[in-house]
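For chain A, the structure is supplied; the task is to place chain B on it using the hints.
Protein chains in written order, with numbering that gives the first Met the number 0: chain A, 0 to 346; chain B, 0 to 346.
By construction, these hints were calculated from the structure, which means they are not laboratory data.
Note that the coordinates shown come from a computational prediction; the quantities given were computed from them, not determined experimentally.
There could be a bad hint or two in this list.
No copy labels: a pair is met if it fits in one copy or bridges any two.
In silico lysine to aspartate or glutamate, DMTMM-like type, Cα no more than 20 Å apart, as pairs [to be verified]: (1) Lys85 - Asp104; (2) Lys85 - Asp343; (3) Lys325 - Asp16; (4) Lys302 - Glu22; (5) Lys302 - Glu199; (6) Lys85 - Glu338; (7) Lys190 - Asp205; (8) Lys131 - Glu287; (9) Lys175 - Glu198; (10) Lys190 - Glu220.
Number of protein chains: 2
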Amino acid sequence: MLILSNDDAEQLLTMPDCIAALEEAYREQASEQAVNAQRSDVVTSTQRPDAVYSLKLMGAVIRGLGVGVVRLNSDIISFANKRQVKIPLAPGNRYTGLVLLFSVDTGEPLAIFPDGVVQRMRVGATSALGAKYLARGDARTVAVIGAGWQAGGHVMAIAALRELEEIRCYSPTREKLESFCSGMSRHTGVKVRPAASAEEAVRGADIVLCATNASQHVFLERWFAPGMHVCTIRGPELEPAVVKQADLVVVHDRSVHESAHVTRGVTVPANRHAIPGFDMSVAPSLPELVAGTSPGRASAHQKTCFVNLPGTGLQFAAVGAAFYRKARAAGLGRELPTEWFTEDVVP
Amino acid sequence: MLILSNDDAEQLLTMPDCIAALEEAYREQASEQAVNAQRSDVVTSTQRPDAVYSLKLMGAVIRGLGVGVVRLNSDIISFANKRQVKIPLAPGNRYTGLVLLFSVDTGEPLAIFPDGVVQRMRVGATSALGAKYLARGDARTVAVIGAGWQAGGHVMAIAALRELEEIRCYSPTREKLESFCSGMSRHTGVKVRPAASAEEAVRGADIVLCATNASQHVFLERWFAPGMHVCTIRGPELEPAVVKQADLVVVHDRSVHESAHVTRGVTVPANRHAIPGFDMSVAPSLPELVAGTSPGRASAHQKTCFVNLPGTGLQFAAVGAAFYRKARAAGLGRELPTEWFTEDVVP
Chain A
0 MLILSNDDAE QLLTMPDCIA ALEEAYREQA SEQAVNAQRS DVVTSTQRPD
50 AVYSLKLMGA VIRGLGVGVV RLNSDIISFA NKRQVKIPLA PGNRYTGLVL
100 LFSVDTGEPL AIFPDGVVQR MRVGATSALG AKYLARGDAR TVAVIGAGWQ
150 AGGHVMAIAA LRELEEIRCY SPTREKLESF CSGMSRHTGV KVRPAASAEE
200 AVRGADIVLC ATNASQHVFL ERWFAPGMHV CTIRGPELEP AVVKQADLVV
250 VHDRSVHESA HVTRGVTVPA NRHAIPGFDM SVAPSLPELV AGTSPGRASA
300 HQKTCFVNLP GTGLQFAAVG AAFYRKARAA GLGRELPTEW FTEDVVP
Chain B
0 MLILSNDDAE QLLTMPDCIA ALEEAYREQA SEQAVNAQRS DVVTSTQRPD
50 AVYSLKLMGA VIRGLGVGVV RLNSDIISFA NKRQVKIPLA PGNRYTGLVL
100 LFSVDTGEPL AIFPDGVVQR MRVGATSALG AKYLARGDAR TVAVIGAGWQ
150 AGGHVMAIAA LRELEEIRCY SPTREKLESF CSGMSRHTGV KVRPAASAEE
200 AVRGADIVLC ATNASQHVFL ERWFAPGMHV CTIRGPELEP AVVKQADLVV
250 VHDRSVHESA HVTRGVTVPA NRHAIPGFDM SVAPSLPELV AGTSPGRASA
300 HQKTCFVNLP GTGLQFAAVG AAFYRKARAA GLGRELPTEW FTEDVVP
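This is chain A alone, in the form it adopts within the complex (with noise of 0.2 Å):
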């Protein structure tokens, strides 16, 4: 069994490897050869008034890739200032995120890690697949929205898929903005530059990625052009209109349904994955599009959307093994004995 790091993530997992496990995993679960678990999360007061507890859980099995995943998350959530932020309180300062991945043929632990950088390269890496089935295909100019953590993500993950021929970036903070178009310049080599507003950004772009935190929207209707492409992480970014006036919108993930439950007592923020007057359950979703059974893009005029929620275990299953694969080859990880984790009796 194989205890895993993010540094280990960083150093081995590259996002030609997570497009291409992700985009193997969606096929797989369009057959039925994959299928997601029941995601579930629970909230409950802490000794914080302005903090809840939520215990969150996902879980997958791919049979062509032979494993199980199990997703959670141990986080200490504050609310204040209308945002959902995570605290650090493990010792160290330290959030608490893991993937355990199981062997479907022996049922065995196969390796536990971190989910940090999983969690941000499944996401971009299916952004960006989002991108390839939905965007045209002379797409050459990229927006970001967003200079953070998952924005660095897309930047990487747009980059990997298509030659590009620049990508404009939009973040509030100028300083920060700056200092992430250089650093992505130099990680993607693809030219990135800081835009002087979201508006700029956008303006004549082929692919408008927004991958930020926000709890207001960050991309207008009225900046959605004919042939442009719209990809979103949380609901909020996008004005309603914008999936309204969409000639195509997709889905990630119709098959998995959200379940909260909750103590008493608890203020729980509004559903971020929610754009009010759009039913995700009837869209079609990326599982479909990737295995042929829904339509992509039809024509260069269309105005196309990929809603990229909600997360799925699929994707860790996925990118996970691929990580786990790619860490047994180099040696990399420390090895415990499986037998910690399993056990002679009949559970």
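Just chain B now, with coordinates in the frame of chain A:
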């Protein structure tokens, strides 16, 4: 972060510990200070034609005990001969079932341990709690149907709950039954004797505990005498007329709805929780009994029935918290760096 073992659990955990922890947890659940996650099973085909892979997820948070829990099982299950049998295919012919315990106050992982011993103790302790509220106050004779792993937990639990005259056990394999009874007599200090038949075991018994892996009825309607309390841990154990005839039927939990997600082409067995004609979703539950919001036994003549189904994450949180506290106090377990299981990036 502690790695604990089944041996540690055998050494440290007592039935009175488990019964007390569960009673407190049910009280918190009734007042909505503790809550279960959705339970989810994912099932796919395997390389073996007669077996499936099953990934089972449970979770819960108990505010008062300060713990969140995830319990998972990664099993290869054979359905040969119409019986569900887990096949130990992990290295060393072992099974994979794990409990992960987290702090509600910091989010950090506290312990990881195999689920086997805790799993058995929580089932037996819960059946004993059912008997505490539903059996007659003067109940002194007990029948246990079964002589396996779960039956052992039930003998230990009921012996810990009450001063008993005699426990009579029945199981079809005589040699196994006799060895079970002599072992349990030594272990509990109560007279545990083998019965010649299930009917002989239950005749005149005040409490009947069915604790088998049976897919056929082991307790029949015509044996259900006035004043008797009957408990089951598997739907098929009871002739369905037993629950119809009972004056009072209480279920373990109504809050947990299982969801099964299955890939194409796998054969999944019938729901082992179902009792034909009995709607578990409207029955009173053990947390309500413990909290006093549903009435227990009302007279010495009532026939009462406890359907100790379905299992919940809450049980693992309660018993797991007690186990962790005792292990810390005793200095048992393998200490691993908590930072292997936490991270400095926001997941």
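Status of the hints after comparison with the structure:
1. When the C-alpha separation of Lys85 and Asp104 is checked against a cutoff of 20 Å, the pair qualifies only between copies, where the shortest distance is 13 Å, while the shortest distance within a copy is 36 Å.
2. For the identical chains of this complex, Lys85 and Asp343 are inter-copy neighbours only, at 12 Å across copies versus 38 Å inside a copy, given an alpha-carbon limit of 20 Å.
3. Proximity of Lys325 and Asp16 under a CA criterion of 20 Å is satisfied intra-copy only: 10 Å inside one chain copy versus 45 Å between copies.
4. In the homo-oligomer, the alpha carbons of Lys302 and Glu22 never lie at most 20 Å apart, since the shortest distance is 23 Å inside one protomer and 58 Å across protomers.
5. In the homo-oligomer, the alpha carbons of Lys302 and Glu199 lie at most 20 Å apart inside one protomer (19 Å), although the nearest pairing across protomers, at 76 Å, exceeds that limit.
6. For a Cα distance limit of 20 Å, the shortest separation of Lys85 from Glu338 across copies, 17 Å, qualifies, whereas the shortest one inside one copy, 34 Å, does not.
7. For the homomeric pair Lys190 and Asp205, the shortest alpha-carbon distance inside one copy (15 Å) is at most 20 Å, but the shortest distance between copies (80 Å) is not.
8. Proximity of Lys131 and Glu287 under a CA criterion of 20 Å is satisfied intra-copy only: 14 Å inside one chain copy versus 54 Å between copies.
9. In the homo-oligomer, the alpha carbons of Lys175 and Glu198 lie at most 20 Å apart inside one protomer (18 Å), although the nearest pairing across protomers, at 77 Å, exceeds that limit.
10. With identical chains, the CA atoms of Lys190 and Glu220 are never at most 20 Å apart, being 27 Å at best within one copy and 78 Å at best between copies.
Hints 4 and 10 from the earlier list are contradicted by this structure; the remaining hints agree with it.
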